[in-house]
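Protein chains in written order, with the working numbering: chain A, 1 to 199; chain B, 200 to 758; chain C, 759 to 1101.
Treat the hints as calculated values from the structure; they're not laboratory data. Only a predicted model underlies this, so the values are computations on that prediction, with no experimental measurement involved. The reader is advised that the hints may include incorrect statements.
As the list claims (entries may be wrong) - Only some residues are given here: those of chain B computed to face chain C with a beta carbon under 7 Å: (1) L256; (2) S270; (3) S277; (4) P327; (5) M332; (6) G334; (7) P478; (8) Q623; (9) A658; (10) T660.
Cβ atoms here follow ideal geometry from the backbone N, Cα and C, with glycine treated the same way.
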Amino acid sequence: MFRPPGSARRAAVGAALAAVVLSAAACGGGATAQQTAEGNGSSFVSGTYATTVFRQGARPVAPQVTGTTLTGTRFLLSADRGAVVVLNFWGSWCSPCREEAPALGALARHFSGAGVRFVGVDIRDDTASAEAFMRTFRIGYPSLNDPSDAIALDFSGTVPPAGIPTTLVIDRSGRIAARIVGTASYDGLEALITSVEPA
Amino acid sequence: MTGLRIPPEAGPDERATEFADAAGPQVQAGARPAGRFGAAGWLRWGWRQLTSMRTALILLFLLAVGSVPGSLLPQEGSNPEAVAQYYTAHPRLAPILARFSLFDVFGAPWFAAIYLLLFLSLVGCVLPRTVRMVGSARQPPPRAPRHLARLPLSVSYRTDQPPEQALASAARLLSGKRFRVRAEADWVAAEKGYLREAGNLLFHIALLAVLVSIGLGGLYGYKANRLLVAGTSFSNTVTALDVFRPGRLVTPGDLQPFSLTLDRFSASYVTSGTLMGQPSAFNAALTYTSAPGGPSRRYLLTVNHPLVVDGVRVFLIGHGYAPEFRVTDGAGHVAFDGPVPFIPVETSGFTSEGAIKVPDASPQQLGFAGVFLPTTVDVGGRLASAFPAPLKPSVSLVSYAGNLGMNSATPQSVYTLDTAGLHQLAVAPRPLTAGQSIQLPGRLGTLTYLGYRQWISLAITYDPGQFPALVSGIAVLGGLLLSFMVRRRRVFVRARAGAAGETIIEVGGLSRSDAAGGFEDEFSSLATEIRGLSSPPAPPASPGRPEEHRGDHEPPEGE
Amino acid sequence: MPINAGLAHLSNGLLLTAVVIYAVAMLAFACDFAFGKKRAPDVATVRVRELVSAKAATGAADGAGAGGSAPGGAEADAAAAAQRAGRGPAGFWVTTAVVLTCAGLALHSAGVLTRGLAVHRLPWGDMYEFVTALTCVAVAFFLGAMVRYRAYYMGLFVMASVVLVLGLAETVIYTPAGELPPALQSYWLAIHVTAMTLATGIFFVAAVTGVTYLVVDRHARRVAAGPPAGADGILRRLPGPAELDRLAYRTIVFGFPVWTFGVMAGAIWADYAWGSYWSWDPTETWAFITWVVYACFLHARATAGWRGRRAALIQLTAFCCLLFNVLVVSLIIPGQHSYAGLH
């Protein structure tokens, strides 16, 4: 039976121990990042920033979304078939949503009349705060009140909103063409909309 | 019985007294000198060291030691606020500790290395032994040793029965007691207790299965939290959750699409005696649907009795108060109107703290921070709450105006104000009861306290590895009990003709030396029965006369 | 249901009386050491005696040989014979001590029972109740082990520890009878804490045996090295290291599955209460550490070079982890397990 001499054995054990300690130090602090809210009680999942684009032919069909706008009007997503719909999930209490709000308002004005409709879905907000938000950022497009997250639930089988804010771009035939998780920028969203439009 | 491997040249006496199932990669004392130093030799040596008992011992010890910092230091996974506090309290030490993953010990690479090595060692030991056990399933017991008197337990007696008959009846008896028997001309060997090894292996394999089940949950399961105010509802989507901790392979689309509404929450407290103020019951009345459009059902959620919907479990883990406010800004618009959850900071009176942020008030953003007191009392000029139930609720707030800091993308805590960009308004905080208002100076607006609602905090968990872990745990316990209660033991019987024409029967027995006791009783009753099978015993030899097979022991003590 | 104050009061009285009786029993055990008949031979010769007396037993069986007297009955029982060869009949002091311990145990059990009746639930919901219950188990287990193995020498050490712990319970960590908070209202509570109480009591006895082993073992080495240094009266009355080692091992073999089951039951309870069967809560972690170190002990006993003294040290380390868990972690370190009832 092979049994190395004492000195070689000690060297091997020492090397193994050293390897363990070094790797412990090297991999230290690398706790697996998971999708969580910051531990300071910010109380929502902001998700990892990501843009997903679906090519023509690979686009999932958007679900049948119904709701009531903040002003009390009934809304039906399918009624907007033929126009590109930009659906933005937001809340007045959400800082990244406040950061992207000017861009969204400006884009809505830029594309008005060009067959692009902007619709907001307001999450975990009261009506007064939501209306105040729209006044502050001069948002002209309507937002749906979704206190029980039913609209987000509708999308869970296709392209779910993976955090707040999430922006979905739905093409003219009612298929989901793109999703932005996280703060949308003016240029980025404009490029996405124009790339979808020819559909 | 040390688990050493039996050298092939061992005589029958050695083989009879060694229980070979423990043969493992123990290196024998006096091994041959080193051969080739090739890589293959080193690998083989390394593998044998890894799968040796001593290594298992060291790794087990390291596992225990490694868990210690995980219990003494705050951990990211369960208490991230405490970790942040530790950073502020020990600014120089904390980053060093974080380097070694000491704030996430159980997810740390070095901890994983310890238990993975341990299980590798275990697998390397268990698999060959399983193969060996299956192979030895039909193996007969070893030969009876020549000198049964040298065994730990032995008895001898004389009888008139011829040796063959005595041996045959002994063999029949032992076989009837489910021993595995091997009968030869001069002796009978019997062995029992093979289940012990099976139990031992089951225990270790089941431990592996527990680890795999935990891993399964870590990959496909998720945990989430949500705070829900009475009268509101939520659906199980990522946008609706406060905290979402998915397993590595979980995507937002995998969440089960249930929704639930909190109709009503009530808490009752002990109202008298030394434990006054301690909670005695929590009841949350829920209505839920397991899928959109599905039938809605009711459930009374209490602590220790979660709601199970679509494989997901929803637990009640906390509760509190959410006072309702309406804020009218300087321009006359209602800029805020709803409940704000306040977080309890102490349990005897349930004093709760919170903040109201009105970022869309004009002309200036408004912020309020303060306390909600369920049973308000004045203790020497300071406000406090005397009892956790809302017997005399009031809320007291400090008012601010300016820049809440919400327009940048960095998220803030919902429950505290960042006063860096705010200036405090010159209106003294006073306890407000329902319907009362604060008039802000400078025509900045009004805040009205409308009343309170209660909120509950839910833990939503989905763990597909939970049931396998339970089953494996039961197997762990079963294997453990089996390996502890079943003793591996051997009984030998020898019969030979004595000098005066009678037959001398010797019965000897032994069990694994580290087995739990009790074999002595079994052996003595077996010996009695074997003896009883013989015809009336021969007249007794005179006491005190040393028997010829006793060997060189001291004479026995006089009785 | 309101707490029955009369029964709670009765419970306190019974437990306090039990402590006093235990203290007197402890003194009786001490007197046995000081004045009792010298029963145990010199430590160094016990091992040989064991072997020989086993043969003597079989020789006696041979010699007796009468039909009915089963050789197996008592004589061939090697272990008992070895012990008896070292022990001999229980003396006056030991009998007194055992009677007192039994009386104390009766009152102790009644005290635990009445506490349970007073609060209308199983009486191990807070730290005080847990300690009174586990000491009750320890004394019961000790009595059983002592009678079975004729191990009277354990009396002094076990009773001293029990008196100390129970005394602390009655003074420092006493909590009045009361309801349990909702998180603890579950029948899995009963199962989990019962198992942990039992296992702690059993491991307590094993630890006492382990300490005795170390003392005796050290003395045996000294004796083997040269003539005894004197003042070893107590030590000479104790049995040999091998027997203590075996007793400790058997005790731990009994307690380890109970501890394993207790940890599993705790995981099931945690799953019902907090949604996660294992969340590395400090008390859970230390229960796991304790389990691992006892597993170390069991492995050590099967590893050449790690038996005897090293194994005993491992076993005592494991018990220290258990104590740390009960005393420090539940009371001081915040987690979800803080149910001690202390503020």
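Hints, one by one, checked against the model:
Among the interface hints, the one on L256/B holds; its C-beta lies about 5 Å from the nearest C-beta in chain C, closer than the 7 Å criterion. With its C-beta approaching chain C no nearer than about 4 Å, S270/B sits inside the 7 Å limit, and its interface hint holds. Taking 7 Å as the C-beta contact cut-off toward chain C, the hint placing S277/B at the interface holds, the least distance being around 6 Å. Of the supplied interface hints, the one on P327/B is violated, with its beta-carbon coming no nearer than about 16 Å to a beta-carbon of chain C, more than 7 Å.
Restraint check, M332/B versus chain C: the minimum CB separation of about 17 Å is more than 7 Å; hint violated. For the restraint placing G334/B at the interface with chain C, the shortest Cβ-Cβ distance is roughly 22 Å, beyond the 7 Å limit, so the hint is violated. Proximity of P478/B to chain C holds as hinted, the smallest CB-CB distance being about 6 Å (cut-off 7 Å). About 33 Å separates the beta-carbon of Q623/B from the nearest beta-carbon of chain C, more than 7 Å, and the hint is not met.
Interface hint status for A658/B: upheld, as the beta-carbon distance to the closest one in chain C is roughly 4 Å, under 7 Å. Annotation: T660/B was flagged as interfacial toward chain C, and the flag holds, the nearest CB pair being 4 Å apart, inside 7 Å.
Hints 4, 5, 6 and 8 from the list above are not met by this structure, while the remaining hints are.
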